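Student: Sequence:
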Amino acid sequence: MSVRVQELSKVFGTQRAVDQVSFQAREGEILGFLGPNGAGKSTCMKIITTFIPPTAGRVEVCGQDVQAHPLAVRRRIGYLPETNPLYRDMYVREYLRFIASLHRLKDARTRVQAMIEQTGLEREQHKRIGALSKGYRQRVGLAQALMHDPEVLILDEPTSGLDPNQLVEIRRLIRELGRKKTVIFSTHIMQEVQALCDRVLIISKGRIVANDPIERLQQRISGERQVTVTFAQPVRREALLKIRHVKAASELGDNRWKLSADGRHDIRPEVFRFAVHQKLTLLEMVQEQYSVEDVFQQLTR
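Per the working numbering, the sequence shown starts with residue 1, numbered consecutively.
None of these hints come from the bench; they were simulated from the model.
There may be inaccurate statements among the hints.
To be verified - Computed beta-carbon distance windows for the label pairs: (1) Q278 x T228: 13 to 23 Å; (2) E215 x Q113: 38 to 48 Å; (3) Q278 x S22: 47 to 57 Å.
Said to hold, decoys possible - DSS-like cross-link-like pairs, simulated, lysine-lysine; straight-line CA separation at most 25 Å: (4) K279 x K258; (5) K46 x K181; (6) K247 x K258.
It should be emphasised that the depicted structure is a prediction, and the values quoted were computed from it without experimental measurement.
Note that beta-carbon positions come from the ideal geometry of N, C-alpha and C, so glycine has one too.
Based on the sequences and whatever the hints tell you, model everything.
Tutor: Right, dumping it as structure tokens:
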């Protein structure tokens, strides 16, 4: 595992910001890290990136303990914090050369040019950072996080302030990076999560309340699956209730039915076999899905 967090806790005075949090992030995975303001997301990220120590628990990055080997961990992590700290009086290319020198890169000039191209900063590279829009400053922050080609990327609100066109480009870049690196991605934009993330981690009041692939999040709040089915011919409720795993059947009119089953079972193959066996024409079959926003609201309310 690229990132392993075990029983992590952080206490500030009388406030327990993080409470026994455990999770893992794998290579080639984009992990969406969600939670309301004050839930403990940024605190977890600051501990993983060695900016602050934990009160209790253990964090490993690429096999290195963050407390025992902080410098080794920093070499493997690229970090874009929520408040992007940049030297606004420096020019973009100048700043990125400075970052490359901090990492002691051998071919710094080539790497700086590659990062400028990868993050779409070609037209802005000779401007002062302070003269850039917020979206372009985010790109500069992303370029510095990628400069040393880290194995793990920690991105806290990386798309904040981007216009729709920039958003598409940065999404594409993060998706490409996620194929080879471990990406932990924090955002409040639920569309971002559905567009980018392989798995979603939701934290509320310092505790993990969900840790699932997106397609499994529905079961976190409903405990069942619901499938809407439309047949060309009339069907009796008694016949539908004989389909394996179907617990309830509600008629919606015009030969449309809502079938309910336990969340562990996908009944669509069984419904299809039922239609074939009964010589029915199946016009439509849709499994209802809760959005990530629905799940987020239910679990953090």
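Student: It remains to establish, for every hint, whether it holds in the given structure.
Tutor: Against the structure, the hints:
1. Q278 x T228: 13 to 23 Å: holds, 18 Å
2. E215 x Q113: 38 to 48 Å: holds, 40 Å
3. Q278 x S22: 47 to 57 Å: 48 Å Cβ-Cβ, so the 47 to 57 Å window holds.
4. K279 x K258: holds, 20 Å
5. K46 x K181: Satisfied, since the Cα-Cα distance of roughly 19 Å is no more than 25 Å.
6. K247 x K258: holds, 11 Å
Of the hints listed earlier, there is not a single one the structure fails to meet.
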